[in-house]
Amino acid sequence: MSNSVISASDLSLTFQTNDGPVHALKDVSLEIGKGEFVSFIGPSGCGKTTFLRVIADLEQPTSGTISVNGMTTEEARKTRAYGYVFQAAGLYPWRTIERNIALPLEIMGIAKAEQATRIERVLDLVNLSGFGKKYPWQLSGGMQQRASIARALAFDADLLLMDEPFGALDEIVRDYLNEELLKLWAATEKTICFVTHSIPEAVYLSTRIVVMSPRPGRVTDVIESTLPKERPLDIRDTTEFLEIAHRVREGLRAGHEE
Amino acid sequence: MTRIWQGKTGPVIVVVAAIVMIWYVFVVVLNAPWERDQAARAGTTLSFTQLVRNTMAQERPVLPAPHQVVAEMWDTIVNKKVTSKRSLVYHGWITLSATLLGFVIGTGLGILLAVGIIHNRAMDKSVMPWVIASQTIPILAIAPMIIVVLNAIGLSGLLPKALISTYLSFFPIVVGMVKGLRSPEAIQMDLMHTYNASAAQTFWKLRWPSAMPFLFTSMKVAVAISLVGAIVGELPTGAVAGLGARLLAGSYYGQTIQIWAALFTAAALAATLVAIVGIGQRMVMARMGEIA
Chain A
1 MSNSVISASD LSLTFQTNDG PVHALKDVSL EIGKGEFVSF IGPSGCGKTT FLRVIADLEQ
61 PTSGTISVNG MTTEEARKTR AYGYVFQAAG LYPWRTIERN IALPLEIMGI AKAEQATRIE
121 RVLDLVNLSG FGKKYPWQLS GGMQQRASIA RALAFDADLL LMDEPFGALD EIVRDYLNEE
181 LLKLWAATEK TICFVTHSIP EAVYLSTRIV VMSPRPGRVT DVIESTLPKE RPLDIRDTTE
241 FLEIAHRVRE GLRAGHEE
Chain B
1 MTRIWQGKTG PVIVVVAAIV MIWYVFVVVL NAPWERDQAA RAGTTLSFTQ LVRNTMAQER
61 PVLPAPHQVV AEMWDTIVNK KVTSKRSLVY HGWITLSATL LGFVIGTGLG ILLAVGIIHN
121 RAMDKSVMPW VIASQTIPIL AIAPMIIVVL NAIGLSGLLP KALISTYLSF FPIVVGMVKG
181 LRSPEAIQMD LMHTYNASAA QTFWKLRWPS AMPFLFTSMK VAVAISLVGA IVGELPTGAV
241 AGLGARLLAG SYYGQTIQIW AALFTAAALA ATLVAIVGIG QRMVMARMGE IA
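Protein chains in written order, with this note's numbering: chain A, 1 to 258; chain B, 1 to 292.
Rather than coming from a laboratory, the hints here were simulated on the basis of the structure. Any given hint could turn out to be false.
30 Å max Cα-Cα, derived DSS-like pairs, lysine-lysine [as the list claims (entries may be wrong)]:
| # | chain 1 | residue 1 | chain 2 | residue 2 |
| --- | --- | --- | --- | --- |
| 1 | B | LYS81 | A | LYS133 |
| 2 | A | LYS26 | A | LYS183 |
| 3 | A | LYS112 | B | LYS205 |
| 4 | A | LYS34 | A | LYS78 |
| 5 | B | LYS125 | A | LYS134 |
| 6 | A | LYS134 | A | LYS183 |
| 7 | A | LYS134 | B | LYS179 |
| 8 | A | LYS78 | B | LYS80 |
Pair by pair, the computed Cβ-Cβ distance ranges are [as the list claims (entries may be wrong)]:
| # | chain 1 | residue 1 | chain 2 | residue 2 | range |
| --- | --- | --- | --- | --- | --- |
| 9 | A | ASN127 | B | MET288 | 19 to 29 Å |
| 10 | A | PHE15 | B | ASN196 | 38 to 48 Å |
| 11 | A | ASP19 | B | ALA268 | 16 to 26 Å |
| 12 | B | VAL240 | A | TRP137 | 45 to 55 Å |
Just so it is clear, the structure is predicted and the values come from calculations on it, not from any experiment. Every residue, glycine too, gets a C-beta built ideally from N, C-alpha and C.
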């Protein structure tokens with residue numbers, strides 16, 4: 001595939017622990033194309049976060065190959081190919097929101113004036129305009145997570161890696177942020193890899209859902225979503241939505257019973 | 001009035017008053033034998049009130065009364081010219097200058113060692129045991145040798161004393177800063193890695209700001225023991241000048257009031273230094289967006 005952003009084949013990763021080897025990933029092969037929204041779903045220990053960390057060059061695979069934008073993961077990281085959003089917002093408490101967003105820009109040596117326009121733009125994208133001068137503790141958990149997304153967007157990487165970004169938030173905030181994320185995806189046309197353990201979240205957001213299962217961590221099913229690109233929140237009550245959700249649940253159960 | 005009791009002031013006053021009362025009781029108990037002895041030699045007997053009054057007005061009491069110490073401090077701090085050898089301000093300044101110089105060198109050395117330890121695996125393995133071992137040697141044993149050795153190579157005066165302060169004060173800084181510089185969470189470190197940040201960028205933008213609360217806490221301990229170091233450093237120099245010299249001279253001549261006055265001056269100095277570091281901490285933390 002010429003337009004594939006991430007290409008993994010027979011990827012395995014084994015952690016050596018005191019209790020013996022742990023097979024976090026085993027023989028994972030996956031192609032992710034440009035502009036896709038791919039969710040990774042599965043119980044804890046299925047390797048979904050590990051896979052994301054391998055893409056980000058935060059973990060090294062034991063065997064198999066992976067390329068990001070046609071490069072090795074290390075080269076991709078060095079060209080700042082992706083923005084990473086962690087489970088926790090991880091904002092620096094001693095920096096205001098706009099200075100937090102400026103952090104990657106400072107590190108990349110972007111001029112002050114350019115920084116200001118970019119900060120303005122991404123704050124607007126995540127609906128946080130006017131909160132730039134606030135410190136993280138002055139914001140709610142949902143707003144902090146939005147700020148961390150803005151930080152990941154600030155340097156305009158085409159790939160966004162999100163590791164359960166809304167896992168710690170309540171359902172109402174989560175619904176709202178899911179809707180916002182879809183709008184943002186439509187507006188920026190980025191490729192998004194999204195780790196979650198919520199079935200409705202995965203079905204609502206994705207163009208493709210990768211179902212994973214633990215011990216060893218592997219891909220058990222890949223489900224193409226038939227939902228339209230335009231998705232209001234009440235699409236979750238349609239039969240089409242419920243059918244996909246059912247298939248995801250079946251996939252998770254099958255992986256569990258093996 | 002009620003506000004005093006709701007805050008810290010009320011309890012502090014009560015505790016101080018209690019300590020002073022207990023102190024006076026001990027003054028009578030500890031100084032009475034000498035009074036009785038004197039009276040017996042003179043062949044007179046003392047009434048109880050006379051005895052109590054005498055125990056609080058001795059020239060070389062076993063335990064001076066609080067008001068005697070206060071009077072001595074007032075006399076030697078306020079009434080004497082600051083250039084006088086009998087002025088506590090004069091001696092206090094000599095000790096303070098060694099304390100501050102030693103504290104500054106100790107803080108710098110401590111930070112440098114901590115930076116080395118967190119960035120270099122070999123230093124991590126090798127330096128820390130030596131740092132800890134250095135503090136197991138009694139400072140009283142090593143202080144005279146530092147003074148003598150440095151004197152032999154032509155260094156005398158302020159610097160040798162300051163180095164003894166340094167010897168004590170770098171320790172809490174190293175320990176605190178190693179912990180502080182390692183305090184960033186895993187995801188904060190991962191984040192810097194995803195930005196492909198250099199070691200210097202990670203240090204200045206993440207490790208250093210994260211370590212600030214640790215640095216100030218360590219500096220509070222360091223500045224107080226720095227003063228102890230300076231006083232100890234003054235003892236083997238033959239009691240020439242400084243609060244340590246006043247303590248030593250006082251004990252040579254049995255001038256207990258002078259000893260206690262020097263002790264309290266040293267304590268007040270230490271409290272002031274710790275408070276100044278505390279103010280610095282609050283200012284820096286306020287700039288870092290923390291609500292104090």
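Determine which of the earlier numbered hints do not hold for this structure and return their numbers in increasing order. Hints 1, 2, 5, 8, 10 and 11 not satisfied by this model.
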